[in-house]
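S.K.: Listed here are the chains, written in short residue letters.
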Amino acid sequence: MRPLQALWRLAVHPVTFVVICLLWCLDLGLGSLLAYQRQDIFGTMDAYPFALWLREVGRRTLPWSAWVYVLAALTWAMTASLAVCTVNWFWRRRKSLRGLGEVLVHLGFLLIFTGFVVEAVLGTRVHGVQIVEGGEVAIGQLGITLRLERAELTRSPEGEALDTVSTLAVVEGASRITGTSRLNHPLIAGATVVYPRGSREVATRRGPLVIGRYDVHRDPGIRAVLAGAVLLFAGTLWAFGIYVAGSTRLKGSRSESLPGASGGSVSGIMRQPEG
Amino acid sequence: MTELSRGLHAFALAAYAGAFVAALLAARRPAWRMLAIIAAACGFGVQIALFLMRWRAAGHTPVTGLFESQHFLAIWVVAHALALLARHRAWGLFAASLGLAAAALAGASYGPMAVKPLTPSLDTPLFFLHVAASFAAYGLFGSAALVALLRLLGGVRAPAASRAVLDESVYLGWILFTWAMIAGSIWAYLAWGSYWTWNSKGIWSYLLWFYYAGVIHVRSRPAWQGRRLDALALAGFAAVLFTYLGLGLLLKSNHPLL
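Listed in order, the protein sequences are those of chains Y and U.
Numbered according to this note's numbering, the first sequence terminates at residue 279, and the numbering increases by one at each position without gaps.
Numbered according to this note's numbering, the second sequence terminates at residue 265, and the numbering increases by one at each position without gaps.
Source of the hints: derived by calculation from the structure; they are not laboratory data.
Heads up, a few of these hints could be off.
What the hints assert, rightly or not - To give a feel for the contact side, a few chain U residues facing chain Y, derived at Cβ under 8 Å: (1) PRO127; (2) SER128; (3) LEU179; (4) ALA198; (5) TYR202; (6) THR204; (7) SER207; (8) HIS224; (9) VAL225; (10) LEU257; (11) LEU258.
Said to hold, decoys possible - Stretch by stretch, here's where chain Y covers chain U in the computed footprint (C-beta under 8 Å, at least three residues): (12) 182–194; (13) 209–221.
On a predicted model such as this, the values are computed, not experimentally measured, just so you know.
Using N, Cα and C, we set each Cβ at its ideal position, and we do this for glycine too.
All chains, please: the whole structure from these sequences, using the hints.
M.R.: Written as structure tokens, this is what we have:
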């Protein structure tokens, strides 16, 4: 029983997380410099869901891509460490709300990681879909048809094209979702999102016609990621509130001094994370 | 607006440089303290005025490019130093922060000062949230690094109190940086199709977030106190500078500064 207890203590110890975290940072930092140098290998990482990139590109570019595999392994280890820490928190059934921010942050991260893994494995990214105004294109990988109903170019006072507002319809079986897509405001149809990637105008006998270009992504994990982001925000907001309340309580009784000054000392005003 | 910016910038830089010297002299003669505070407050006031004027002229938050972003960083560094001075009488940190702010403004002199129209992709409220929270966090990480440096150089006579400031700076910095990352990730999802991107800036921002997450887990562990924590705070701020300036100036990035 003792080895198991020792293993559990090691797993929930914050330093375990920190050591994995520092190794993760080291691997990612060095890897990013390599990625910058070898754009021919790593320049496509944003184009594919992560698991697909590992399968199609990462595997055949070893050993250059080894850092990405190490990163993936360390991320799993870091997540496992966070998960056991969170289980430990609930297991100990803390009654105090002081640690709530901490546990919300942990749960938020776990949800984001889950969403990332779901997208990495089940997500789809289709790039450069071109549609003529009034036309439609079937996207077999996603089982949808994308129709461009209208496209309006917005221009600066000098006549420079700034953006295109596209009115699109996403047709999937009997379902049809219509909406607009423009810069920073893609068309969101459930897990399917249509991003504008520029447009061009061509002259026809009936006047100018716009050809829109789009990327279409499907991210089945996005709801988990958004829920995780909400928890992460709530947790940090809670922690911030606890900090402010703690500082206010100290305000009347402090007589501390800091670098370069003389005086007493201040007690800890912030709670420490625990495993 | 460019000439006005140049004049106000020069004034703020001179005020911070003067306040820095006065704060250093105040270590031996407390009579210099008031002058240091007045000079710093003048510089800070001018910076706020410049920020608001450029905001009005541009029609958007002026935090793009080297000039504006260095000013924004200096605003947060000095604001935090003034707050800590009021709360904790942190004179050593105050002097060091003014030195950092003056260095930031000296660096800003190399950036273009003309007000530029906003790139369409930056035209979103998430831009303001992302940038404001990022620079507030950078300023706090800078304060933490300065405290760590002062501790390593032996300029600290109250280790417990300096540890509290280092704690506060790292902790609040990480909270603000989390908000910056949430805003930035939502923005990246809406604009580019993914909340996680593999470009250098994205990678280094996540790296910073995880790094400081690690630091706040060990900041009060007895074995990690003292020089080890100071070294972590200094290394963290070196990573901040690389993420903000190194990537923006030396490498091709989607967050260019020039």
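S.K.: Would you pick out the hints that fail for this structure and give their numbers low to high?
M.R.: As far as the earlier hints go, only 10 is violated by this structure.
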